[in-house]
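Undergrad: Each chain, letter by letter, is given below.
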Amino acid sequence: MPVIDHRNVLKGLRVQEAMRRQVIRLPWEAPLAQAIRYTIKYKVNAVLAVDDDQVGLGVVSKTDLMGAYYAHLLIDTPVAAVMAGPPLFCRPTDTLDAALDAMRRHRVHRLYVQGEGPHDIIGVLAYPDIVGLLYRYCTRCDRSLKGKARTAGPPLDRFLVREVMTPEVYALQENDTLQAIMEGLAAYRFGAVLITDRDGRPAGIVSKTDLITAYLHGLPTDTPARRVMTKPAIAVDGGAPLAEALTTMIFADLHRLFVYRDSPENLVGVLSLSDVARFRSGTCRACLVSRIRVGAA
Amino acid sequence: MGLTARDVMDTRFFTLRPEISVGDAVHIFKRASQELQQTVFGLMVVDANENLVGMVSMYDIFLLLRPKHIHIWGEMEDLEVAGVLETACQRAKGVLVGDIMTTELITITPDTHLLHIIDIMIKKHVRRLPVMNNGKILGIVYLSRVFNHLLERLAS
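Line by line, the protein sequences give chains W and R. Here the numbering used here is used: the first residue of the first sequence is 1, the next is one more, and so on. Here the numbering used here is used: the first residue of the second sequence is 1, the next is one more, and so on.
A hint or two may mislead.
Claimed, not checked - Derived pair list, reagent style DSSO-like, types lysine-lysine, alpha-carbon separation capped at 30 Å: (1) R:Lys136 with R:Lys30; (2) R:Lys30 with W:Lys43; (3) R:Lys136 with R:Lys68; (4) W:Lys43 with R:Lys93; (5) W:Lys231 with R:Lys123; (6) W:Lys231 with R:Lys136; (7) W:Lys41 with R:Lys136; (8) W:Lys231 with R:Lys68; (9) R:Lys93 with W:Lys41; (10) R:Lys124 with W:Lys41; (11) W:Lys41 with R:Lys123.
Said to hold, decoys possible - Here chain R is said to cover these stretches of chain W; the calculated rule only asks that three of the stretch's residues, wherever they fall, bring their Cβ under 8 Å from a Cβ of chain R: (12) 39-53; (13) 120-133; (14) 237-250.
As the list claims (entries may be wrong) - Some chain W residues close to chain R (C-beta under 8 Å, calculated; not the full set): (15) Gln34; (16) Leu216; (17) Asp253; (18) Leu273.
Source of the hints: derived by calculation from the structure; they are not laboratory data. In this text, a Cβ means the ideal position worked out from N, Cα and C, and glycines have one as well.
Take these sequences, add in the hints, and give me the full structure.
TA: This is the structure we're talking about:
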C-alpha cells in the first residue's frame with residue numbers, strides 16, 4: 001500500500017491500486033438474458049462485450065438493459081444491439097486523478113484497464129471502487145474534516161444522516177406501470193424510485209435491477225410497480241449517525257437509502273453511499289481526487 | 001479400465017428447476033449430498049421438458065452471498081457486523097435459480113475421451129461436465145471422479 005501523503009492523499013494513487021482484476025465479460029453475440037444474469041450474480045452495473053479474440057467491443061450497463069426492455073427487444077437479442085462502444089480504457093500506471101477526469105469527460109462510471117498488448121484487458125476501474133478508497137484513505141488522513149475532526153470519536157459517528165442527505169424524494173405510485181417507471185428513471189437519471197401506496201405511504205422501491213429482473217422473467221412493461229417492487233423501502237432516521245446508515249447499506253446491499261423524519265412513513269430525503277464518501281472529504285483541500293462526482297451514465 | 005466419459009460419469013444425479021428459489025435449491029443440494037454420500041458442489045438446471053438449461057455451483061451461491069459493498073466494510077474498523085451473514089442469507093434465498101445459473105454450458109458425450117475431459121476442465125475452469133446424448137442428459141462427470149480414476153491408473 002502506498003504511503004499516505006498528507007498533501008495529496010488519494011492523488012498519490014494509481015489505477016492499479018484501485019482496479020478490480022475480475023472483469024465480467026461476455027461474447028458480443030450473447031443474449032441480453034445472459035447480461036442480466038451477470039449483473040445480478042456478480043453485483044455489477046455493467047459487463048464488457050468481447051469478440052472471439054477477447055477484444056472489448058462495448059459495454060452493456062443496467063441502463064442499456066432497461067432501455068432494451070423499454071424498447072420491447074426480445075430477451076435473446078444479442079448484447080451487441082444495445083452495448084455502448086467502444087469501451088474506454090486507462091493504463092494501470094495512470095493516476096486516479098487522470099482516470100477520474102476521463103470518467104467525468106466521457107460521463108461514464110467505469111474504465112477498463114489495458115495491459116501490455118493492445119487488446120489485453122487486465123482489470124476494470126469502477127466508480128464504486130474509488131468510493132471504497134475514500135473510506136480507506138480519508139479516515140486516516142488528519143487533514144480532512146477540519147474543525148469536526150478535532151473532536152473525539154470515529155468520523156462517521158460525528159455526522160448525522162440529515163446533514164448529508166439530498167432533501168428530496170422522487171416517488172411514483174404502486175399502480176404505475178414499469179414503462180412509466182422506466183421513463184421516470186431515464187428522465188431523472190436515477191437508479192431507483194420510491195413506490196407509494198394510494199394514501200401516499202411508502203410501499204417499496206423499484207430499482208434498475210428490479211426492472212431488468214422483470215425483463216428476464218418475461219413480464220410485460222405494463223405490469224404495475226407493486227408486482228415487482230422490493231418491499232419495504234429501507235429507510236433510516238435522519239437523526240441517526242452516518243455510520244449507522246452505512247452499516248444498513250452494507251447489510252442490505254444497497255447504495256442508497258431513504259431518510260425519514262419522526263416516522264418511517266415520512267420520507268424526507270435520500271442518502272447515497274457516494275454522498276457519505278463525498279461528505280467525509282468534500283470540504284477537504286488536501287485531496288482534489290476525493291471530490292468525486294461523475295454524471296450519471 | 002475405461003477411457004471415456006461413459007466410464008467415469010455418475011448416472012445418479014439431482015437437478016434443479018430455474019423457477020425455484022435459491023432457498024429451495026439449497027435443500028436439494030443438501031439432499032443430493034446425503035443421498036449420493038458426497039458433497040455436491042454443483043447441480044444441473046433443467047426445464048419442464050428435462051432439457052438442460054443451466055448449471056448452478058457453490059461459487060454462484062458465494063457470489064450471491066458476498067455483500068456488494070464489502071470493500072467498504074473492510075475499511076471500517078468500528079462497523080457493527082452482528083447479523084450480517086443472516087441478512088445475506090435471507091436476501092440470497094429469495095433469488096431464483098434461473099437468475100443466477102450459468103447458461104454458457106460445456107457438455108460432453110459418453111464417448112469423450114478422458115484426456116479431452118481433463119483438457120476441457122483445465123481450459124474452461126469447470127469441475128463438472130454434463131454428459132449428453134441427442135439432447136438428453138445421461139450423467140455428469142465430476143473432477144474428483146476423474147482424479148480418482150487417474151490415480152488408479154498412475155498407481156498401477
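Undergrad: If a hint holds in the structure, say so; if it does not, say that too.
TA: Hints, verified against the model:
Note on Lys136 of chain R and Lys30 of chain R: the hinted pairing holds, with a Cα-Cα distance of about 25 Å set against a maximum of 30 Å. Distance restraint check for Lys30 of chain R and Lys43 of chain W: the Cα-Cα separation of roughly 26 Å lies within the 30 Å cut-off, and the hinted pair is therefore satisfied. A hinted pair counts as satisfied when its Cα atoms are at most 30 Å apart, and Lys136 of chain R with Lys68 of chain R does not qualify at roughly 38 Å. With a C-alpha separation of about 16 Å, the suggested pair Lys43 of chain W and Lys93 of chain R falls inside the 30 Å cut-off, and the hint holds.
Note on Lys231 of chain W and Lys123 of chain R: the hinted pairing is violated, with a Cα-Cα distance of about 42 Å set against a maximum of 30 Å. At roughly 40 Å between alpha-carbon atoms, Lys231 of chain W and Lys136 of chain R are farther apart than 30 Å, so this suggested pair is violated. Of the supplied pair hints, the one linking Lys41 of chain W and Lys136 of chain R holds, its CA atoms being roughly 27 Å apart against a limit of 30 Å. Pair hint Lys231 of chain W plus Lys68 of chain R holds up; C-alpha atoms about 19 Å apart against a cutoff of 30 Å.
For a cut-off of 30 Å, the pair hint linking Lys93 of chain R to Lys41 of chain W stands: about 13 Å separates their Cα positions. For the proposed pair Lys124 of chain R and Lys41 of chain W, the alpha carbon gap of about 19 Å is at most 30 Å, so the pair holds. Under the criterion of a C-alpha separation no larger than 30 Å, the hint pairing Lys41 of chain W with Lys123 of chain R is consistent with the structure, at around 22 Å. Counting residues of the segment 39-53 of chain W whose C-beta sits closer than 8 Å to any C-beta of chain R gives 4, which meets the bar of three, so the coverage hint holds.
Remark: the segment 120-133 of chain W is confirmed as covered by chain R, as 4 of its residues place a Cβ nearer than 8 Å to a Cβ of that chain, reaching the required three. Residues of the segment 237-250 of chain W lying with their CB closer than 8 Å to a CB of chain R number 5, which satisfies the three-residue condition for coverage. This hint holds: Gln34 of chain W has a C-beta 6 Å from the nearest C-beta of chain R, less than the 8 Å allowed. With a least beta-carbon distance of about 6 Å to chain R, the hint placing Leu216 of chain W at the interface is held under the 8 Å criterion.
At about 5 Å, the closest approach between the beta carbon of Asp253 of chain W and any beta carbon in chain R falls short of 8 Å, and the interface hint on this residue holds. Here the hint on Leu273 of chain W is kept, as its CB sits about 7 Å from the closest CB of chain R, short of 8 Å.
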